[in-house]
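Position one of the sequence shown corresponds to residue 1 (this note's numbering), numbered consecutively onward.
To be clear, the hints were calculated from the coordinates, so they are not data collected in a lab.
Keep in mind that this is a model prediction, so the values were computed, not measured.
A couple of the hints might just be wrong.
Per label pair, the in silico range of CB-to-CB distance [to be verified]: (1) R82 with P39: 27 to 33 Å; (2) E58 with E134: 24 to 30 Å; (3) R62 with K135: 36 to 42 Å; (4) Q105 with N7: 15 to 21 Å; (5) G30 with Y118: 20 to 26 Å; (6) Q105 with K161: 50 to 56 Å; (7) L174 with K135: 56 to 62 Å; (8) R92 with I121: 24 to 30 Å.
The calculated EDC-like cross-link candidates involving lysine to aspartate or glutamate, where the alpha carbons are at most 16 Å apart (straight line), are [to be verified]: (9) K8 with E109; (10) K124 with E108; (11) K28 with E109; (12) K102 with E86; (13) K16 with E108; (14) K129 with D113; (15) K32 with E86; (16) K16 with E86; (17) K29 with E109; (18) K54 with E109; (19) K47 with D66; (20) K102 with D113; (21) K95 with D66; (22) K29 with D88; (23) K28 with E108; (24) K93 with D42; (25) K129 with E109; (26) K44 with E58; (27) K28 with D117; (28) K54 with D66; (29) K95 with D49; (30) K54 with D131; (31) K93 with D131; (32) K32 with D88; (33) K26 with D113; (34) K95 with E58; (35) K16 with D88; (36) K26 with D88; (37) K124 with E109; (38) K16 with E134; (39) K29 with E108; (40) K29 with E86.
Heads up, the beta-carbon is just placed ideally off N, CA and C, and yes, glycines get one too.
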Amino acid sequence: MPEISSNKPYRIGRSKTGLGLFATQKIKKGTKIIRYFGPMLDSKNKKHDDIDNKYLFEINNRWTIDGSVRKNIARYINHACRPNAESDVNSRKRKVVIRAIKTIQPGEEINYDYGTDYFKIFLKPIGCKCDHCEKKRAKKRAEARAEKLRLKLKAEKKAAKEALKSGKKADKSLKKVVKAAKSKSLKSKAAPKRKTVVGGARTGAKANPHARGTGKPTKTKSARTRPLSQIVQAQSPDRASRASST
Numbered sequence: 001m002p003e004i005s006s007n008k009p010y011r012i013g014r015s016k017t018g019l020g021l022f023a024t025q026k027i028k029k030g031t032k033i034i035r036y037f038g039p040m041l042d043s044k045n046k047k048h049d050d051i052d053n054k055y056l057f058e059i060n061n062r063w064t065i066d067g068s069v070r071k072n073i074a075r076y077i078n079h080a081c082r083p084n085a086e087s088d089v090n091s092r093k094r095k096v097v098i099r100a101i102k103t104i105q106p107g108e109e110i111n112y113d114y115g116t117d118y119f120k121i122f123l124k125p126i127g128c129k130c131d132h133c134e135k136k137r138a139k140k141r142a143e144a145r146a147e148k149l150r151l152k153l154k155a156e157k158k159a160a161k162e163a164l165k166s167g168k169k170a171d172k173s174l175k176k177v178v179k180a181a182k183s184k185s186l187k188s189k190a191a192p193k194r195k196t197v198v199g200g201a202r203t204g205a206k207a208n209p210h211a212r213g214t215g216k217p218t219k220t221k222s223a224r225t226r227p228l229s230q231i232v233q234a235q236s237p238d239r240a241s242r243a244s245s246t
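With these hints in hand, go ahead and build the complete structure from the sequences.
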């Protein structure tokens, strides 16, 4: 790790993505922090075209800075989608300086936007880990958890409602069964007991001598109390004469 002079307002430290550059003192907005430097690569040189690393800083269509050298401390500055610094490029002098675009407090990490091309090639496949993107992902995760919890509570509420509805139906059916049983019981108590009829007569009942098919009828009370003369007149003449002769 390259040594940094004590009068410099930054230091190399551990970051979320590995190593990063952190402010050691307050850096005011507009202050030039550090220069990004390294060997110049010419696009017209075929040997230079074969060089490929993630520290290449393109100045224009022809010139590119190879910032992979260890003396280039600016290479430790990480990307951020909401940065506190920016790259100030001077194409004529082939010079790049990192400048603060807002006041940076001591202990705060220095960062700048690497650009769309670098983001698509290197950062998008693995996911940007800057504070802004981390907050966005954390917010999405929180929203997803909240939505999941909402759906769970909705499902539980629906299940409880259906259970209550089915319980009410069961209670209603049970009430109907109980009501039908009570009605049947009351009808059976109110109905008279029928005696079984065997051979034309009810069992357990006394035989009526006047009933048809039970034999000759006996004399009625009125017949037994009538005077003898009335009885004789009602009989045949032969029987009447024999009765008178006697």
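Consistency of the hints with the structure:
A hinted range of 27 to 33 Å for the beta carbons of R82 and P39 is consistent with their spacing of about 31 Å. Range check, E58 to E134: Cβ separation about 28 Å, and the 24 to 30 Å hint holds. At about 39 Å, the CB distance of R62 to K135 agrees with the hint of 36 to 42 Å. In this structure, Q105 and N7 meet the distance hint of 15 to 21 Å, their C-beta atoms being roughly 19 Å apart.
Taken as a hint, the range 20 to 26 Å holds for the pair G30 and Y118, whose Cβ atoms sit roughly 25 Å apart. For Q105 and K161, the Cβ-Cβ distance of about 55 Å falls inside the hinted range of 50 to 56 Å, so the restraint holds. For L174 and K135, the Cβ-Cβ distance of about 58 Å falls inside the hinted range of 56 to 62 Å, so the restraint holds. The hinted window of 24 to 30 Å between R92 and I121 holds, with their beta carbons roughly 27 Å apart.
Of the supplied pair hints, the one linking K8 and E109 holds, its CA atoms being roughly 14 Å apart against a limit of 16 Å. At most 16 Å may separate the alpha-carbon atoms for a hinted pair to count; K124 and E108 exceed this at roughly 24 Å. A threshold of 16 Å between alpha carbons decides the hint, and for K28 with E109 the separation of about 14 Å falls inside it, so the pair holds. The straight-line distance between the Cα atoms of K102 and E86 is roughly 10 Å, inside the 16 Å bound, and the hint therefore holds.
Distance restraint check for K16 and E108: the Cα-Cα separation of roughly 13 Å lies within the 16 Å cut-off, and the hinted pair is therefore satisfied. Distance check on the hinted pair: K129 and D113 sit about 13 Å apart at the alpha-carbon level, within 16 Å; holds. At most 16 Å may separate the alpha-carbon atoms for a hinted pair to count; K32 and E86 meet this at roughly 10 Å. This hinted pair does not check out: K16 and E86 have alpha carbons roughly 20 Å apart, beyond 16 Å.
Proposed proximity of K29 and E109 is supported: the alpha carbons are some 15 Å apart, at most 16 Å. Between K54 and E109 the CA atoms are separated by roughly 20 Å; this puts the pair beyond 16 Å, and the hint is violated. For the given pair, K47 sits about 13 Å from D66 by alpha-carbon distance, which is consistent with the 16 Å threshold. Our distance criterion of 16 Å between C-alpha atoms is met by K102 and D113, whose separation comes to about 14 Å.
With a C-alpha separation of about 12 Å, the suggested pair K95 and D66 falls inside the 16 Å cut-off, and the hint holds. As the CA atoms of K29 and D88 are separated by approximately 14 Å, the hinted pair is consistent with the 16 Å bound. Between K28 and E108, the direct Cα distance comes to roughly 13 Å. Compliance with the 16 Å bound is thereby established for this hinted pair. With a C-alpha separation of about 15 Å, the suggested pair K93 and D42 falls inside the 16 Å cut-off, and the hint holds.
Taken as a hint, the K129 and E109 pair is honoured in the structure, with Cα atoms around 13 Å apart against an allowance of 16 Å. Between the alpha carbons of K44 and E58 the distance comes to roughly 14 Å, so the proposed pair stays at or under 16 Å and holds. Only pairs whose Cα atoms come within 16 Å are accepted, and K28 paired with D117 is rejected, the gap being roughly 29 Å. A C-alpha spacing of about 9 Å is found between K54 and D66, which places the hinted pair at or below 16 Å, so the restraint holds.
This hinted pair does not check out: K95 and D49 have alpha carbons roughly 20 Å apart, beyond 16 Å. Of the supplied pair hints, the one linking K54 and D131 is violated, its CA atoms being roughly 21 Å apart against a limit of 16 Å. Of the supplied pair hints, the one linking K93 and D131 is violated, its CA atoms being roughly 33 Å apart against a limit of 16 Å. Annotation: proposed proximity of K32 to D88 holds, straight-line Cα distance about 9 Å (limit 16 Å).
Between the alpha carbons of K26 and D113 the distance comes to roughly 21 Å, so the proposed pair goes past 16 Å and is violated. Proposed proximity of K95 and E58 is supported: the alpha carbons are some 11 Å apart, at most 16 Å. For the suggested pair K16 and D88, the alpha carbons sit about 25 Å apart, so the restraint of at most 16 Å is broken. Straight-line distance between C-alpha atoms of K26 and D88 comes to about 20 Å, which puts the hinted pair past the 16 Å bound.
Distance check on the hinted pair: K124 and E109 sit about 21 Å apart at the alpha-carbon level, beyond 16 Å; violated. For the proposed pair K16 and E134, the alpha carbon gap of about 11 Å is at most 16 Å, so the pair holds. The straight-line distance between the Cα atoms of K29 and E108 is roughly 14 Å, inside the 16 Å bound, and the hint therefore holds. Of the supplied pair hints, the one linking K29 and E86 holds, its CA atoms being roughly 11 Å apart against a limit of 16 Å.
When each numbered hint is compared with the structure, violations occur for hints 10, 16, 18, 27, 29, 30, 31, 33, 35, 36, 37.
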